[in-house]
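Chain by chain, the residues run as shown.
There are 2 protein chains.
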Amino acid sequence: MTSPFVPGTSVHVEGRPGGPLAGLTFAAKDLFDVAGHVTGGGNPDWARQNPVPSRHAWAVQALLDAGATLTAKTITDEVSLGILGENAFEGTPLNPAAPGHVPGGSSSGSASAVAQGLCDTSLGTDTGGSVRVPASFCGLYGIRPTHGRLDLTGMMPQAPSSDTAGWFARDAATFARVSAVLLQEAIGPAVPDRLVIATDAFGFADPATAEALEPLLDRLKRLVPEWREEVMAPQGLSTWSRAQRTLQPVEAWQTFRPWVERDNPRFAFGVARGLVLASMTPESELGWAALVRREARGRLRHLLPPGTILAMPTTPFPAPKAGLPLPDLDGIRAAINMLCAHGGLAGHPQVSIPGATVDGRPIGLSLLAARGADALLVRTALALEKS
Amino acid sequence: MTSPFVPGTSVHVEGRPGGPLAGLTFAAKDLFDVAGHVTGGGNPDWARQNPVPSRHAWAVQALLDAGATLTAKTITDEVSLGILGENAFEGTPLNPAAPGHVPGGSSSGSASAVAQGLCDTSLGTDTGGSVRVPASFCGLYGIRPTHGRLDLTGMMPQAPSSDTAGWFARDAATFARVSAVLLQEAIGPAVPDRLVIATDAFGFADPATAEALEPLLDRLKRLVPEWREEVMAPQGLSTWSRAQRTLQPVEAWQTFRPWVERDNPRFAFGVARGLVLASMTPESELGWAALVRREARGRLRHLLPPGTILAMPTTPFPAPKAGLPLPDLDGIRAAINMLCAHGGLAGHPQVSIPGATVDGRPIGLSLLAARGADALLVRTALALEKS
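Residue numbers (the numbering used here), protein chains in the order written: chain A, 49 to 435; chain B, 49 to 435.
Rather than coming from a laboratory, the hints here were simulated on the basis of the structure.
There may be inaccurate statements among the hints.
Heads up, the list lumps identical chains together, so a pair's fine if it works in one copy or across two of them.
Straight line, CA to CA, 20 Å or less: simulated DMTMM-like cross-link-like pairs of lysine to aspartate or glutamate [what the hints assert, rightly or not]:
# : residue 1 : residue 2
1 : Lys434    : Asp407
2 : Lys269    : Asp378
3 : Lys369    : Asp311
4 : Lys369    : Glu62
5 : Lys434    : Glu62
6 : Lys269    : Asp248
7 : Lys369    : Asp113
8 : Lys369    : Glu309
9 : Lys434    : Asp266
Make a model of the complete structure from these sequences and hints.
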C-alpha cells in the first residue's frame, strides 16, 4: 500500500482566486495533462515516450478557473487498463476505508487521495468502471458523466467510444459544487419522478451487498414519487458484459498498438494478456458485440426517459483483498464488469453514492438517468444525503 | 547500450589455485546460481520472489574448482525468453563487434563481456539458440553441448527438454581449455572423417551470409577427408521450426505459469505475448509437434553417425540493429529460429565458430556432430583456427 500520488512527482497549481471552488484542493489522475509535467499513464514506458504537455487538460483548466488548487497527480492502473487499482510499477494506493484491500481502479490514486482527506476532490476517468468502482470500494461520491458531454482534450484516451472524465468527493455538497463546474450546469432542487430498481443487477450482486444497500434504497424510494422493479438487461447482463469486453479491449488495442509495436513496452502480465487477446478478436465477435451495444442503447433509452432514474449496486461486492493471484483477479474483474458494462455500451450518466458497508467495507449505490440528465443524479445524491 | 553486467551487482569468487583454468576469469549469466547472490533471471519480479541461493550452480562450481575466477553476473533476456539481447529492464549489452546492433540473446551479457575482453570465458544457456546466436553476432566461439550432458543443477530452467548450459571464448585455445573442464573430457587431436554441408540451411541464409562463410567452409573441407552436400531437414526447416516454436513455449509456460499466476509479473509486451500464445496452444498442435520432433531426431541420428560433422550458418544474417519495432523483431526471430530449432528438437551438440563478417559484422559457422561428440567439435574448431 503506497501513497496515492505518482512517485517522484510534485505538482502545485493555484486556482484562480474568487471562483465557485475557491478554497478547494484537487488531484488529477495521471492521464490528465498538467502543463510542465509528463503525463505518465501509470506505465514507465508510456511516460518515457511522451512529450511534456504545454497546456492543461480541459478538465484540469476548468477546475483551476473555478478556483480549485491542483495539489497532486495520482496513480492510475497502467494506461487505464485495470479495475482494481494494483499497479505493478507504482504500487497500490491505500484504501483507507478497507486497509489491506484494493482501492479499485483505474482511478485508484484519485479515489484514495480523496478518501484519505489529502484533497477535496479529484479527477478520474471511466471507460469500463474506473470511477464507479473506486468510488464504491473507497466509500465516495463518484460520477461517470454522459458519454460525450465533457471536453476530453488533454486526457489520455483508451477506448474513445466509451471514455469519460469523472470526479470524486467525500460529501454530497462538495460533489455538487464540483459537478456544477464540470457539467457547466447549475444543480437545481428538483428530484426524479420515477425510480426503477434493477432486479437483475441486485440479483447478481452478492446477497450481503444487496442487503446492505436496502436502507439507502428505502430512503431513495421515499424521496421519489413512484418506484417499480424491473430487469435492466433483458438480453442478460452477461450478454452486455461480453459485448463490452469485446468492444472495449479491441478499441484499446487500436489506441495503443502503434506504441506497443514501436516500443515493446513493459506491462504487468495481465495487462499485456488483455491486449494480446484483444488483438486476436475475430471480426464476427466484433460484429455481434456492436449489435448488442445497439440493443443495450435502445433498452436504456426506453427504460430511462427524462425524470426517471435507475438504482443498482455499483459493484457486486466491496473491495477484494490486495495481492490476489491472477486467476482470482480474472474472476473478480469479470464479475465487476457485469455491473459496469452498460456504462461504456450505452453512455448514460451514473453517480455512485456511498453510505453502506459489508463487513465494514464500503459499497456504493448507483443511480443512472437519461443521457444528459447528469445534474438530476447529483441533485438526487444531495437530497438523499439530507433525507 | 549498457554494461553486460547485472546492474547493481558485484560478484567476485576466486578460483581454486593451480587448476587447469588457473589465471582465467569468467562471468555467469544471471540464470546460474552464485551462492550469496539472488539469481535475477533478467526480470525484477523473478528476482524479487527468489531466495538467495546458498550453493553455486554445478557449472559455476566446476569452473571455480578448475581454477577460473568468477568476476561478474551478466544480463540475460527476461527469464531467457528472447533471442536478440534487448532487455527492457536491464538494457541491451554492447555488441563491440557491431556497435548499434544487438548482441544476440538470451546469453547477451555473457557474450558481450567476453567480446569486450572483460573476462576470458562466460557461462550461458541455450534452449532455442541463446548461446549460438550471440556467439554468431558477437564473433565468438560458443557451444551448445549435447542435451542432457551437463549437470544443470542451480541453473534456472525454461523448457527442460531443450535446456542446455553453454560457454563462450574469443579464441579456440581458451575455448578448448574451458570445454575440457565442463565436458569432463580431454580434447584430443583427431578431426572428423566426413563433413556434410547443409544445403537447406545455407539456402535459407541471406546470400551475403552464405557467401561470407565460404572461405571458412573451404578451409573446413580441406581439413576433413570427405565432404558432401545434403539437405538437413527433408521435412523443411520451416516444419522443424514450427514444431520447436510450439513445443518450447508451451514447456516454458508450464515452467513459469505458477509464478505468473501468483505474482502477475511485469514483462516486455513481446515476452508476455509469447507466454499468452503458448497458453492457448491446442493439444492437436502439440501432438503434431511431438511427431515432428521424433522425425527430426531420427533424421539427425541418420545424418550424423560418429565421425561425421555437419556445417551450417549459425544465423541467417549478422546482428540486426538495436531498437527495432516489434513487427520487425517478430520476423527476425522467426528467421533465426529456422536455423536454431534443430538444437532444441534433437539435442545434438553444436559449436559456432567465428571468422567471417558481412558488412563488417560477425557471422558464425556452426558445426554439429553426433550426440555426445561435443569434444570432436571443439577439436575441429581448434584445428580450423590453426589451418
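To see whether the hints hold, each was checked on the structure:
Neither within a single protomer nor between protomers do Lys434 and Asp407 lie at most 20 Å apart by alpha-carbon distance, with minima of 25 Å and 79 Å respectively. In this assembly of identical chains, the alpha carbons of Lys269 and Asp378 never lie at most 20 Å apart, being 35 Å within a copy and 59 Å across copies at closest. When the C-alpha separation of Lys369 and Asp311 is checked against a cutoff of 20 Å, the pair qualifies only between copies, where the shortest distance is 14 Å, while the shortest distance within a copy is 33 Å. In this assembly of identical chains, the alpha carbons of Lys369 and Glu62 never lie at most 20 Å apart, being 37 Å within a copy and 47 Å across copies at closest.
Taking the shortest alpha-carbon separations for Lys434 and Glu62, neither the intra-copy value of 32 Å nor the inter-copy value of 76 Å comes in at or below 20 Å. Taking the shortest alpha-carbon separations for Lys269 and Asp248, only the intra-copy value of 18 Å comes in at or below 20 Å, while the best inter-copy value is 79 Å. Taking the closest pair of Cα atoms, Lys369 and Asp113 never come within 20 Å of each other, the shortest separation being 39 Å inside a single copy and 49 Å across copies. When the C-alpha separation of Lys369 and Glu309 is checked against a cutoff of 20 Å, the pair qualifies only between copies, where the shortest distance is 16 Å, while the shortest distance within a copy is 34 Å.
In this assembly of identical chains, the alpha carbons of Lys434 and Asp266 lie at most 20 Å apart only when taken from the same copy (14 Å versus 93 Å across copies).
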